[in-house]
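> Residue strings, one per chain:
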Amino acid sequence: MIKIKTMNQTQILVIGRHPEILQTVVRLVNNNPEWKGTGCLTEQEAISVFDQQVFDLVLLGAGIDESSEDSLCAHFKARKPDIKIVQHYGGGSGLLSAEIYEALKSNQL
Amino acid sequence: MAQTILHKAETRGHANHGWLSSYQSFSFANYYNPERMQFGALRVLNDDTVDAGMGFGKHPHDNMEIISIPLEGDLEHKDSMNNVAVIKNGDIQAMSAGTGIYHSEYNNDRASQVKFLQIWIYPNKRNVEPRYDQLTLNLADRHNKLQQVLSPNPDDAGVWIHQDAWFHLGKFDKGIDTEYTIKKQGNGVYAFVLNGQLEINGQVLNTRDALGIWDTDQFKITALTDAEFLLIDVPMVF
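Protein chains in written order, with the working numbering: chain W, 1 to 109; chain R, 1001 to 1238.
Hints may contain errors.
[Claimed, not checked] Within a straight-line C-alpha distance of at most 25 Å, the following computed SDA-like cross-link-like pairs (lysine to any residue) qualify:
#1 W/105 - R/1032
#2 R/1058 - W/87
#3 R/1008 - R/1154
#4 R/1058 - W/31
#5 R/1184 - R/1141
#6 R/1078 - W/105
[To be verified] Simulated restraints on C-beta separations:
#7 R/1088 - W/33: 30 to 36 Å
#8 W/70 - R/1153: 27 to 33 Å
#9 W/42 - R/1184: 37 to 43 Å
#10 W/66 - R/1019: 38 to 44 Å
#11 W/33 - R/1220: 48 to 54 Å
None of these hints come from the bench; they were simulated from the model.
All C-beta atoms in this analysis are idealised placements derived from N, C-alpha and C, irrespective of residue type, glycine included.
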């Protein structure tokens, strides 16, 4: 399978159960021209999108139960062992940028 | 041996949006400082001033314990749980964002600014049912003593949140001192001076300075002038 990778943009997959919050977080991610956010409301959608596109970072938002988080993480790590996965807290603009910067920084270690 | 970290007031981040002046003790929004990410479970301590007639429009939160402590003026709160309330100096408000909420905060006064502390604590459990709590405190209960205003226990003094955290407020006359015993093993305390001058563990702190202290069971607080302060007792690992 050929995976799509947009050059020069950090690809961020955002998963969350709350449609309005997911939309807000993706919009905030996309406010930074160096980042490209893709939002998914379900595990199936997230797995499908992940398998078709090259992501640098996954943000796990609110409403995903632990077992779903575990199975998503297992799938993502199996497909891309160096993928950085972080639990997103706050749901808005407050912590988002710092969370992404910190995750990407640790990715570079 | 106690470990400490000193955050002088002038080293905080600052955002000036015209209607909002926000001094940020930790990385927040456009302020990013890798050395200032959090103090244990304490992730946000914003010292905000909102102009008359202005405020934060409807915006979302999830998975965060959000505490507001007004210092001057009244702030109107509306949220997606149909809560409409005004919080004023002497009140404390706690909100568990959990699976997700929307809220707005406005200063409806046409003449005066509102000053308040916005504090975010990482929850000890993700995806809880959103909840809102507000309490009017008795200001006399913090004069020359520590007043507990937040805990993890619904039946304890103050509001409660989903984290092993305790907040205390103090308004001490010059020369008054006390020993503070950290509430739980593994917790640390972020002491934030609202005004005046304090000495904690030998460190002199002025208005809006903060001292984080951990790896100890207790420490001494002395008011070098009349002083008001907030103690935020939080898990260092959570």
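> Of the hints stated earlier, which fail here?
When the structure is compared with the hints, numbers 3, 6, 7 turn out to be violated.
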